[in-house]
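Taken in order, these protein sequences are the chains called P and S. 327 is the number that the numbering used here gives the last residue of the first sequence; the numbers go up by one with no jumps. 327 is the number that the numbering used here gives the last residue of the second sequence; the numbers go up by one with no jumps.
Keep in mind the hints are simulated off the structure, nothing from the lab. From the three backbone atoms N, C-alpha and C, an ideal C-beta is built for every residue, glycine too. Heads up, a few of these hints could be off.
According to the in silico footprint, chain S covers these stretches of chain P (three or more CB under 8 Å from chain S) [claimed, not checked]: (1) 58-66; (2) 108-117; (3) 120-126; (4) 214-221.
Sample of chain S residues lacking proximity to chain P, with all beta carbon distances greater than 10 Å (derived) [what the hints assert, rightly or not]: (5) L62; (6) N80; (7) Q83; (8) W85; (9) G102; (10) E157; (11) R168; (12) H172; (13) E209; (14) P253; (15) V295; (16) R305; (17) R320.
Protein chains: 2
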Amino acid sequence: MRIVSLAGGIGGARFLRGLRSAAPDAEITVIGNTGDDITLFGLRVCPDLDTVMYTLGGGINEEQGWGRTGESHVVKDELAAYGMEPQWFGLGDKDIATHIVRTQMLNAGYPLSAITEALCARWQPGVRLIPMTDDRAETHVVINDEQGRRAVHFQEWWVRLRASVPAEQIVLVGADDAKPAPGVIEALDEADVVILPPSNPVVSIGTILQIPGIREAVEKKTVVGVSPIIGGAPVRGMADACLTAIGVETSAQAVLELYGSRLLDGWLVAEEDEGVALEGVRVVARPLLMTDPQATADIARAALELAR
Amino acid sequence: MRIVSLAGGIGGARFLRGLRSAAPDAEITVIGNTGDDITLFGLRVCPDLDTVMYTLGGGINEEQGWGRTGESHVVKDELAAYGMEPQWFGLGDKDIATHIVRTQMLNAGYPLSAITEALCARWQPGVRLIPMTDDRAETHVVINDEQGRRAVHFQEWWVRLRASVPAEQIVLVGADDAKPAPGVIEALDEADVVILPPSNPVVSIGTILQIPGIREAVEKKTVVGVSPIIGGAPVRGMADACLTAIGVETSAQAVLELYGSRLLDGWLVAEEDEGVALEGVRVVARPLLMTDPQATADIARAALELAR
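Extracted from the complex, chain P is given alone in its bound form (with noise of 0.2 Å):
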């Protein structure tokens, strides 16, 4: 069996670690998020990436959910001892040795696609991870503080102000000229089924179906998608943020038809959302906290069910 996956980070990158237990001899491709990349002190980091790499390669820092296990932070310290911005966002050492390795071969003209390969060389994540494009397509979000009205980069509305201050608009800057990255479409196009997993449905799935044909060429198959609201609040991060800022309530109602039925066939939602429902889509209720990794492969296991 084919299974494509488009994932976001943490809850993305669990969930994966479910379905490569639940369907072991699957071929799983995932096509990941970049528009949360960004460049930091001249080294380019790809937190969606490295958090499905480093989970399903067994590097993960379990308790945060990202960023390496055993992580120390002293280039960061010094880094700021030398007075340098951002000092907000958490570069570990060990992390910033794969940004590196990255930056160095981006510099020599590889595509992000390859160098993903490269890094998964050393993870083996028992998944194809591609990026979702090789080219620059970055989340950026309007706010409107005591500094004024203004675009941000993602990470600095995500991270810093931890989406305190209202996103008045997401928009993926670059996202029209960006293609799929090499094996994108091909690998859609051969899946049996298509899985959504319970990511941020606006600035992780929904930032991939930005890309011009990724959309249309997963609207073409079987399509499952679990949610990631439970009860009318997000299971983790802050999705009701984003969802909020294009004018949708966070709710499985209402995430299901942001999706719409061009697009899934299937969603599967938490039993206390019982009851959720939309036309030409097949809706199942089954308990979603991934709360250890047998409840996430049991999860896994619904949404291929739900497939079939």
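Once you have looked at the hints, place chain S on chain P.
Okay, now just chain S, sitting in the frame of chain P:
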């Protein structure tokens, strides 16, 4: 009093600490060797400038003579885990932060001299540290081993091969087109005395003197050199391997003749080298081992007295 000193790495840096303590009221300008600079993993590394900066700024690993005190090597180990080469250069985590700042500023278009000034704003070395040039002039070494006759970067010969393969030739690639960094010639023109510390006469002092215009500016001044050779052996480092490469004996006499009487006015040798002489140069013998800060200051004081 205005003092200019040309300096390499460990020996030069230690001597400068003594000079600063021997002449606390002097304005000291240090012209640093950048022929050893190398780009590793996309990061620009300036070993000699950093050794001077860390030593005078109180951040040096005293036992080792280079690198930072309390250093860790997380990034280096991770780069090795990715299979990245070279693995023979000991990049520490604290040190890497310096290289990240430098590289980011270089990529933003700042010249190395401005960057060095910015880095020194943190370290407060108590001297003005200027790279010999903002241009790229790199020391390469022609060797002939089982891989055949070829030129390697100085660091590969020095650090990886530990100068165990004889150097057939030592070339400063790019020297002809390099210009002294802003402030170098001005500092020399305004200097009351120029001091050559016991740095490597070939790949440190000799390299600096190869940048067009510097030798001429130095020759105009009262110049006192401190012999890096005591009793036929380098005080530390592998200066003998470099001297041999250019056909010069490893002795205080031979280095005196290498510098010559056009350059030097005074030559400070160790007591065991008493008798060394060259017409036009005043030679004085003193204890030259930089065993501690006090002994080092005494050597610097003797050099300044010789200049008077």
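Hint check results:
1. Interface restraint, the region 58-66 of chain P with chain S: holds (3 residues with C-beta to C-beta distance below 8 Å; minimum three).
2. Figure legend: the region 108-117 of chain P, annotated as covered by chain S; annotation consistent (5 residues with Cβ-Cβ distances under 8 Å, at least 3 required).
3. Only residues whose beta carbon comes within less than 8 Å of a beta carbon in chain S count, and the region 120-126 of chain P has 4; three or more means the coverage holds.
4. Residue count for the region 214-221 of chain P with a Cβ under 8 Å from a Cβ of chain S: 0. That is fewer than the three needed, and the coverage hint is violated.
5. Once the 10 Å rule is applied to beta carbons, S:L62 is inconsistent with being away from chain P; the minimum gap is 7 Å.
6. Taking the minimum C-beta to C-beta distance to chain P, about 14 Å, the non-interface status of S:N80 holds against the 10 Å cut.
7. The claim that S:Q83 lies off the interface holds: its Cβ sits roughly 17 Å from the closest Cβ of chain P, which is beyond the 10 Å cut-off.
8. No beta-carbon of chain P comes within 10 Å of the beta-carbon of S:W85; the shortest separation is about 17 Å.
9. With a cut of 10 Å on Cβ distances, S:G102 falls inside the contact zone with chain P, its closest approach being about 7 Å.
10. The claim that S:E157 lies off the interface holds: its Cβ sits roughly 19 Å from the closest Cβ of chain P, which is beyond the 10 Å cut-off.
11. Look at S:R168: its CB is around 28 Å from the nearest CB on chain P, clear of 10 Å, so calling it non-interface holds up.
12. Every Cβ of chain P is farther than 10 Å from the Cβ of S:H172; the closest lies at roughly 17 Å, confirming the non-interface assignment.
13. Listed as outside the interface, S:E209 is consistent with that label: its C-beta sits roughly 30 Å from the nearest C-beta of chain P, beyond the 10 Å cut-off.
14. For S:P253, the shortest C-beta to C-beta distance to chain P comes to about 32 Å, beyond the 10 Å cut-off, and the non-interface label holds.
15. S:V295, annotated as away from the interface, keeps every beta carbon of chain P farther than 10 Å; the closest lies near 44 Å.
16. Against the 10 Å criterion, S:R305 stays outside the reach of chain P, whose nearest CB is about 39 Å from its own CB.
17. Against chain P, the non-interface label of S:R320 holds: every CB pair exceeds 10 Å, the least being about 33 Å.
Hints 4, 5, 9, counting from the list given before, are not met by this structure.
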